[in-house]
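Colleague: Residues per chain, in single letters:
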Amino acid sequence: MSETLLAPRPEFVSPRAYAFPEVRTFNVGAGRILAAHLPGQPIAWISALLDGGALREPEGLDGLARATAGLLDEGTLKHSADEFGTAVESLGGSWSVDTGWETVRLSLDLPVREAAAGAELLAEALRTPAFTDTDVERYLSDLVAAKRESFARPGPRAQAAMRGALYGEEVRYGRLAGGDPESVAALDAEAVRAFHATWLRHAGTLLIAGDLDRLDVEALGRAVFADFPASDAAALPDPTPKAAPKRLAVADRPGAVQSTLRIGHPTPTRSKVADHGIDVVALRIGSTVLGGSFTSRLNHELREVKGYTYGAHAGFDFGRPLGLFTFSAEVRTDATAEAVRDVLRVIDEFIAEGVTVAELDKTRAYLAGATPIGLQTAGAVGSRLVEMVRHGLPEDYVTTEHARLLEVTLDEVDTAVRAALRPADLVVAVEGDESVVGADLEALGL
Amino acid sequence: MADLAHTTTADATAASGVRAPAAGGFGWPVEQFSLDNGLRIVVCPDPGTPIVAVNVWYNVGSRHEPSGKHGFAHLFEHLMFEGSAQVAKGEHFGVLQAVGGSAINATTSSDRTNYYQTVPSAALATALWLEADRMGALALTQETLDNQREVVKNERRQRYDNVPYGRWHELLGELSYPEGHPYHHSTIGSMAELDSAQLSDFTAFYESYYSPDNAVLTVVGDTTAEEVRALAERYFGALKSRPRPQPPEAPELPAAFGRSERVEVVEPVPLPRVFFSFRAAQFAAPGSAADDVLSVVLGRGRGSRLFRELVTERRLAQAESGYLGAWQRAWHASMITGMATPRDGVELPELEAAFFEVCESVAAEGVTEEELDRARSMLAADWSRELATVGSRADQLGKHATLFGDAAAVADRLPELLAVDATQVQEAAARVFAPDNRITLAYVPADDDAEPTETAPNETTLNETALNKTTER
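Listed in order, the protein sequences are those of chains A and B.
The first sequence begins at 0 in numbering that gives the first Met the number 0 and counts up one residue at a time.
The second sequence begins at 0 in numbering that gives the first Met the number 0 and counts up one residue at a time.
Derived by calculation from the structure, the hints in this document are not laboratory data.
For glycine and all other residues, C-beta sits at the position ideal for the given N, C-alpha and C.
Any given hint could turn out to be false.
[Claimed, not checked] Looking from chain B toward chain A, a few residues come up when the C-beta cut is under 10 angstroms (computed):
{"#": "1", "residue": "Ala102"}
{"#": "2", "residue": "Ala124"}
{"#": "3", "residue": "Pro163"}
{"#": "4", "residue": "Ala237"}
{"#": "5", "residue": "Val262"}
{"#": "6", "residue": "Arg384"}
[What the hints assert, rightly or not] Only some residues are given here: those of chain B computed to face chain A with a beta carbon under 7 angstroms:
{"#": "7", "residue": "Gln96"}
{"#": "8", "residue": "Gly99"}
{"#": "9", "residue": "Ser101"}
{"#": "10", "residue": "Ala105"}
{"#": "11", "residue": "Trp128"}
{"#": "12", "residue": "Thr140"}
{"#": "13", "residue": "Glu142"}
{"#": "14", "residue": "Asn146"}
{"#": "15", "residue": "Asn153"}
{"#": "16", "residue": "Asp160"}
{"#": "17", "residue": "Val264"}
{"#": "18", "residue": "Gly300"}
{"#": "19", "residue": "Gln317"}
{"#": "20", "residue": "Ser320"}
{"#": "21", "residue": "Arg373"}
{"#": "22", "residue": "Ala387"}
[Said to hold, decoys possible] Using 35 angstroms as the maximum straight-line C-alpha spacing, the simulated DSBU-like pairs for lysine-lysine come out as follows:
{"#": "23", "chain 1": "A", "residue 1": "Lys305", "chain 2": "B", "residue 2": "Lys68"}
{"#": "24", "chain 1": "A", "residue 1": "Lys305", "chain 2": "A", "residue 2": "Lys245"}
{"#": "25", "chain 1": "B", "residue 1": "Lys88", "chain 2": "B", "residue 2": "Lys239"}
{"#": "26", "chain 1": "B", "residue 1": "Lys239", "chain 2": "B", "residue 2": "Lys68"}
{"#": "27", "chain 1": "A", "residue 1": "Lys305", "chain 2": "A", "residue 2": "Lys241"}
{"#": "28", "chain 1": "A", "residue 1": "Lys305", "chain 2": "B", "residue 2": "Lys88"}
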């Protein structure tokens, strides 16, 4: 193990420019298509994005948007539930649904040569779901059981506690988008059919990432949207965070050997951050330094220095209609209050001191390198198309933000961090054994 | 970490019988050579994007751990990120990030340990220099051992102790392999074993197994064999190989457990749930490809026979994405594991009997061509997705080089799976689902105040959580 056998460290290399794949846009009927060209890519990704998320659910039916979207492939007028699932898988397809606060999205990832057949199935599910009593009853009862299991795992209850503290449980935005075991137990076939009829029988945006030389993009769009009218739903008012939220929320989990921490506050949404003096690229660098990678200040302190956790993460989710800054970690029960104190201290110090030149250089290079490394698959490119639509971003935003990343200054990063992070507003939600951790958390005097 | 019970049948290629183009299993050139010190090198040039994946497979896993030292291979994997002769403690990740590297991690399984990163191709030298520095001169200190021991204990709490059903695969492993067998114990180890670990254990482990001739270095992406050869000579060429002990002796296992056993665990779980284990063929041994196809036909996806029978037809089980998974263990007999959750009002024994009945129906009556086509299409598309990134392509090449001495054998995986016919699937079902080859692990919900028992995983990674955001909204 003599060191003389080792060669010296190689020279430093500079970050390079990056260009996002070409994006083509089309209008088909009342719908729109955004398609990214990935020459030679054997897998294609197709996704229909429609108005109609959790904020559109009737009172008392939390989880209805997710349930409706999840039932679209459980039988159509043409295929039984089993036949439909078999048909998707016989194309090598992977079917997924994603429901947000404002949108519902159905996606299919499959070999490019099967894309036309896949789009037919996507259209069939969207336009002619059967929603038979039998299939809906089966699906919903499984959903209730799955929610019960999910809520028995650490995470959802901590997240629900944070949302409730920030917005109030009495408003929809103060609860989880997917609902909870009690709310999904109240869903029924009639509610599912009504939600579909009201929200999903409209044109939206078809997103495609794949080899466009092998795809008839407009035919795919016609298959999915055909004669659907445009959605004419009025925009919802933005939810209002509580003016002075209680800063500590505990969800009791007797016997837990770890506590699940969620510490956060609301932020503007992506399309409005500039109005608040926040440069989104500068903030991305700042939040990566704070909590966005393995070497971040928070992961370093809580994992590598203190040994409290297997991993800690913090970052900004510029979702819609509002964004959220969140810290998350699971920490040893006996270190719970100390870990919270350390998180708040690290955030305070970060705001006071700002980022260092070394942190800026390293993080700039890391994020610049991560752009092409993170966009190797059709689905990854597709997720950038989703952002384009949800936030009204230009088709070249990935390219221009990458270029901006290479020139952001230290002052710009510090300015963005100080404009976006508000430590006095952070709400601390803890899912853990209250009999063990409750008193110490109260003693933090939040 | 991937939940192995549900994901390991992903190794396949091609397309369904009717639609398939005459695709081979691997569409890129592969070049292989060795250095004088025995380090094997695989290069797969792909100039498409200016990035390159660097992957190192060490042929050491938890199967090499002696009794009382379980979990040490994985804890050692953590120590590999804590500094070496020219890399300060805590600097390893930072050096890679500063040249634009990401997808940086390592995993330990019973079979092997892999380390990987993807970097801009201009930074290939830096990634190779880092791998060489820790292969040649790792810094092992009491301070880093003490810290990483705590991190690993937190990893175990997070993945196994603090989640419902967290110990299922550890328990099935212990039930499926005899005491002392290299696959009997889990990869994470117990709290007591981790607490007892001494620094000398890890210096000995490093000397024994982290030798150049026990490793495969794979580089995939925007590079050439000439460039990699020159860089490898510069960074790894002077490292010396070291002798290592013979792997622990393990008696050859019979093709079946030789028993049907049912174990009930009472824990504070939200729902009753049953897990199964069946002995299966060792990876790449005769019957192994058929086992993989069998587990997809029967137990993976919305159109699988178990879903259609147990969920849609008979309404006995909850919907799941998978009911069966093949583990593809490479050094001794492998296993297929299963799981199912009863619907409200259904008793576990009724569900267990129905599960076995569906499995046995394949042994008795075989499968249809339509069922086989669905499985082939899924396996072929999986293989395309698996090879879509330079990182996972490198891992597949390293795997085949380590197991078969020939990375190019990767091209056989998909054709092998697509060639499996209905007769072979039926034969596999008769062997795997024989009445004397099944272990049942039933979880029964306890009262709220019952004490949870201990846990452990099968493949563990360094930092998955630190890099993943929470997904609830």
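Colleague: Looking at the structure, which of the earlier hints fail to hold?
Modeller: 5, 10, 12, 13, 17, 20
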